[in-house]
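Student: Chains as they are written, first to last, in our numbering: chain A, 1 to 298; chain B, 299 to 418; chain C, 419 to 1066; chain D, 1067 to 1260.
Calculated directly from the structure, the hints in this document are not laboratory data. Do not take every clue at face value.
[Claimed, not checked] Facing chain A, according to a computed beta carbon distance under 8 Å, are these residues of chain C, among others: (1) Lys947; (2) Ala951; (3) His953.
[Said to hold, decoys possible] Residues of chain B clear of chain A, computed beta-carbon distances all greater than 12 Å: (4) Ala340; (5) Lys365; (6) Ile388; (7) His392.
All of these numbers come straight from a predicted model, not from anything done at the bench. Beta carbons: idealized from backbone N, C-alpha and C, even for Gly.
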Amino acid sequence: MSMLDKLSRLKVPELSRRAFAAICALTALALLIALWLASGQHTFDLFQTRGQIANRERTLLIFSMLLAALVLVPVYYMLYTFAWRYKTGHDHKYSPNWDTDKKYETIWWGIPIAIITVLAAVTWVTSHSLDPYKPLNDDRQHLKVQVIALQYKWLFLYPDQEVASVNKLVIPNKWPIELDITSDAPMNSFWVPQLSGQIYAMPGMSTKLHLDAQQRGTFKGMSSNISGADFSKMNFTVESVGIEDFKTWVTNAKQGGHFTADSYTKLAKPGGAQPVTYHLHDKSIYDNAIMKYMGGHQ
Amino acid sequence: MTSKAYLTGFMMSLSLTVTAFILVYGATSVGGSPLSQGWLIAVIASLAVCQLVVQGMYFLHLSSKGKPGRSLQIMLFVLVMAAIVVGGSIWVMHNLNYRMMPGEQKVTETIQDKENIHHH
Amino acid sequence: MIFASWLGKLDWSYFWHGWVQFGGQIATVGGALTVLAALIYFKKLGWLYRNWLTSLDAKKIGVMYIVVSVVMLLRGFGDAIMMRLQQILGSGGGHGFLSGDHFQQVFTAHGTIMIFFVAMGLMFGIINLILPLQLGARDVAFPLLNSIAFYLYLAGVILVNLSLVFGEFGAVGWLAYPPLSELAYSPGPGVDYWLWSIQIAGIGSTLSGINFLVTILKKRCKGMTLMKMPIFSWSILATMILLLLVFPILTATLFMLSLDRSMGMHFFTADMGGNAMMYINLIWAWGHPEVYVLVLPAFGMYSEIVATFSRKRLFGYTSMVWALMAICVLSFFVWAHHFFTMGAGGNVNAFFGIMTMVIAIPTGVKVFNWLFTMYQGRVHFDTPMWWFMAFATTFLIGGGTGVMLAVPAIDFQVHNSLFLVAHFHNTIIGGVVFGYLAGIAYWLPKIFGFKLHERLGKAAVYCWVTGFFTAFMPIYLLGFMGATRRMEQFDPALQYQGLFIISGIGTAIIGLGVLLQVVQLGYSIWKRKELAAGHDPWHGRTLEWSVPSPAPEYNFARLPVVTERDAFWVAKHGGPALYSGPFKDIEVPKESGVGLVVGLAAAVFGFGVIWQLWWLLPIALAVIIGTLIKQTYVEETERIIPAKELKA
Amino acid sequence: MSRQKYESPTTNAVGLGFWVYLMTDLMLFATLFATYGVLRGNTAGGPAGHDIFSLKLVFAETIILLVSSLTAGLALLSAHAGRKTRMLQLLVITGVLGALFLGLEINEFRVLLADGHSWQNSAFLSSYFTLVGTHGLHIFAGLIWLVATVWYALKRPLSPRFMQRLTMFSLFWHFLDLVWVCIFSIVYLMGVLA
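Next up, chain A with everything else stripped away, as it sits in the complex (with noise of 0.2 Å):
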C-alpha cells in the first residue's frame, strides 16, 4: 500500500490539524519579515511622509485602511466560524431549505451601501482638495520649475532662477513648488512618495503638480511608469535645503557651462547621465519640448 494511502487513512481530527498548519505558517511568515525588518533601517515612504500633500494623503490611507478592516473583521470571523461550527459532524441546526430573510438581506445590502457612502463622500471632497493641479494655499509665490522627462534621466529647468539641473531637483524647505511636467521620451511618471502623489509626463502634454518638503532632506523620485529599456534607472533625488543654501546653490549653478538648445539635444539622447547643474539660458527649451510634437498647430 502506498505511503499516500497509509496518510490518507490517519484519523487526527481534521481541523484543528489544519488550522495549526495554517497558524505556523502565518507566524512563520511573520517571524521572516519580523526578521527582514530587525536586519536594517527601512523607510516606508508612503507612511514616513515629509511634504504637506503626502501627509494629508497618508492621513486618507490610514483612514481608508482602517473602513476596510471594520468590514473584513466581522466577515473573517463569520468565515471561519461558521466553517468551524457548521463542519459535518459537528451538532448544529441544519436548515437546508433556508435560502432568503429580509432582515439579513437588508443588513448587508444596508452596510456596505452606508460605508461606501461615508468612503465617497471622502472621496469627492479629496480628489479635489488634494488635486495635483490645485495651489497650496501659501500666499507666497510658488517656485516655478519645470520639469523633461527624457530616456533615463530627469532634466529640471528653474525659468526664474535662470538654471538647469539633471538627476537633482533642489528646492527650499517650507516653500510651496509648481511643477510643469512633460516628457520628450515614451510616457513616464514623475514620482516623490515622501512629498506627493504621482503624476504622468508625457509628450507634447504638459501636467501640473503642487508640492512642497516639510523638513530638510533629501527624498527618493523615480519614474514609476515603463517608458523604455532603461526606465528603471530613471532615479533622482530632490534635496530640501534652507532658503540660504538654496540661494547659493543657484548662483554656484549660474558659474557652470551654459545650457542652451544644443546642449539640451545632446541631453536628449538615450542614456543615463550624472547630477549636473548649468546655467540656463533659453527660457523656451520647455515648451519647445512639447511644441516639437505639435507638428503644426493644434
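Starting from the structure of chain A, add chains B, C and D where the hints point.
Tutor: This is chains B, C and D only, laid out in the frame that chain A set:
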C-alpha cells in the same frame, strides 16, 4: 413585410437624406445659411436619428411589439452601453485634453474656476 | 515602405537572444517536438486528428482548452520565477541575469499569457464542459463556431510561443501603452507579436461569447426558465453579455494600434496629432470589464460549490442574480480608475472612483450570501470547498485593497507601485485562479469518471495559500515603501532584497503547489480505477450530476424536464422524475476540420503582418474565406446515434 | 408580391446569434466613432474635413447605398414569394450598386492620396480613413457574401436554410446602411460645416 412597406421606408429615408444634404449644401455655398452652426449640427443629427428609426422600422422590421421586440430590446441595450463608452470617453478625453494644454492658457479658461485651479 | 521586399522584416539575428532565452527556446521547441514524436511513435496522430482536433463535441473542445491553458500556466509561472529571481539579485547591488529589455519582455509575456491564454482559456474550457450539461442541452448552439473560436485561441497561443523561439516579444507591459509601443520606440516585431496574438485570440473570444449567449438563451431544456437556471449558468450569462459588449472595443483599439505600426498612421503616436491618452482610455474601457469577465464565472463556481458542499440551497439566489447583473452593468462606469494619475480633473476622478466603490457593494453581497449558505448547513470540506476557503481568505484582502485604490488621492501614491501589483494578484489568483482550479476539481469527475486524489489536492491548496501570502505580503510592504513596478534592479541602499527573498520563497511554495497538482493529476490518472466516481460523487444539486460519468457525447439520452431550481436535488428527493418517454435517435454534429484550417490560416495571417510578408495576407484570407464558403455547401453536418444504442 | 408574415430573426438560434454579432459590430463602429470624435481636430497642420470632402460625391454614394438597401429588401421579399429569378435579378442589382459604391469610395481615397493627404499625415486623416475604410471593408465582405449566395442559389431551390442565410445577408446589408447614415451625417456633413 410588403413591398409597399419597403418602398415607403425607402422614400422616407431618401427625403431625410436629401433634406440633410440640401441644408448643408446651402449652408456652405456662397449664400450661407440662416441657421447658426450649432443649430445646423442639431438639425443634421436629428435628421440622422430619424433616418435610423425609419430604416430600423421598415428595413430591419424592428418593432416594440411581440417577437421582433426582442431584437429591438437587445439593440437598445447595446446602444445605451455604446453611448456610455463613447460619451464617457469623450467626456474624459475632453477633460484630459484641456488639462494637458501647455503654458498658461489654462489659467484664463472659465473651466478653470469649476476645477478650482486658482493662481494667486 | 509597404512593399519593401517580399522577405519583409525577417532576419536571422532574431533567432539568438543570449543563453537565458536559449533555455526557453529549447524548452518550447523541445516540448513541442517530444509531443509530436510521442504521437508518431505511438501512431496516435490519426487518432488525435479524428477524435480530438476535428471533434465538435463541446466537452472535447473544453478539455483541449484546459490542456493548452495548463501548459501556458506552466510557461507563465516560469516567467514569474524568472522575475522573482531577477528582482532578488537586482535589489542587492548586482545586475541579475536579465537585462532591462529582457526583463520587460518577461513580464509583458507573463501578464499577456496569464490573462489571455490561461484565465480566458480555462474559463472557455470549463464553460464548454459544463454549461450544456447544466442547461439540460445536448450541445452548444453553434458547434462549428465553437471549434473555430478554439482554434483562433490556439492561433494566439502559437504566435505568443513563436515569439520566444523566433523574434522577440513586446517590452512594453501587458497593455502596451503608446507612445512606447509605437514604431518610434519599439521598432522590432515584439509589439506586433503581442498585438496579433491577442487580437486573433480576442476575435475567438467574441465568437465564443456569441455561441454561449445563444446557448443560454435558446438551448435550455423544457421547464427551465431563466430564474430556475443554476447560478453558474447565470454567471456565464452575465459574463457573456459583458464580454460581447467590450471585446469589440479591444478589437478596434488593437486594429488602430496595428494600423499605426504597419501603415504609419497616427492614432496614438506622440506626434502628428496622435493622442496616446485615447489608447489608454479605450484599452481600459475594455480592460476593466475584462477582469470582471474573468472573475464572474469563478463567482458562479463558488456559488455552486458552497451550495453543494453545505448540502443547502444557495442563500439568496435572486439577490445573487441581481448582484451579478449589477456588477455586469456597473463595470461599465469604472475604467478610468486605471489612470487617475494621468491628470484628469477632480470631477472625472471622483466620479470613476465612487463608481468603483459602488461595485464593491454587490461583490460584498455575494460574499455574505456564500457565508449564509454555509450557515446552518452541513459543510463537507472536500478539495473544492478548500479552494473556496482559500478564495475567501485571500480575495477579501484583495477587495479591501481594491476599495482603497478606488480613492483617487490614495491611488496617486500607490498607482503602478508594487502595492497595486500585490492587489491585482490578490484578486486574480485569489478570485480567478482558485475559482477555476476549484471548478476543475469539482467537475472533473463528471468529464473523466474519476475524482482527483483528495489529500494531494488539499496539500496543493495549502501550498497555494501559504505560498500566496508569503509571496505577496512582502510585495504589499514594498508598495508601502515606495517601490514601483516593472523594475529589474533597485538601489541596494533601499534594502528591498530581504522582502524580495521572502517573496521568492513564497513563489517557491506556490511552485510546490503546482508540482503537487501535476503529481495529483498523474497519480489520479494512474489510480483512476480506485478513484472512480459515480454519476453523483458530491451529492450534487444540478442537472449535470444526473447523467453518467464520464458524460456521454450526447449529454442526455432523453432530454430532462425541469420544474424547480436545483432540479437534480428535487428529483432525488421525491420530486417529479427528470426523464420520461421513449428513447429517440439523437443527432450529433459530425467532425469537421474547418476550425483547424481557419485557426492555422489566422496564425499565418498574424505571422505575415508581424514580419510584413504582405504577400502572405491575401493567401491566408483566401484560405479562410474559401473554407467558410465551402462549408456552406456541406449538406449533412450531423450523424445519427440510433435509439437502441441509448438503451444499453 | 404577396404579404408575408415576418418572422423576426431572433426567434431562432441562428438569427439571434447573427443579431448579437451585428451588435458587436455596432460596438466596434462606436469605438471608431469615439476615436474619430476625439481626433477630429488633430489635423497636425494638414487639411481638415471641409478642405477635402466633396458633398456631391458623398450624396451619390449615399443614394446608391440606399437604393441597394431597397433592392436587397425586395430580393428577400421575392424569395419569400418563391420567385427565384426575380430574387436573383434584384440580388445582382444590389451587388452592382454595392460595387459602384465601393468604386466611388476607393476613387475618393485615391484622389486624396494623389493630393498628398495620406493617412500618414495626421491623426484626423488616420481616423477618417479607418472609420470610412472599415465600413468599406464590411461592404466588400458583404459583396463576397452576396456573390457566394447568388452562386449557391443558381442551381438550387429556395430551401429554408437558404432563406435563413438570405435573411441574415439582408440584415447585414441594412445594418451597413445604418452605419453609413451615421458616417455621412457625422463625418461628412458635420465635417464640411465645421
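Student: Hint by hint, say whether it matches the structure.
Tutor: So, going through the hints one by one against the coordinates:
no. : hint   : result
1   : Lys947 : 14 Å, violated
2   : Ala951 : 16 Å, violated
3   : His953 : 21 Å, violated
4   : Ala340 : 26 Å, holds
5   : Lys365 : 34 Å, holds
6   : Ile388 : 18 Å, holds
7   : His392 : 14 Å, holds
Violated hints for the displayed structure, listed by number in ascending order: 1, 2, 3.
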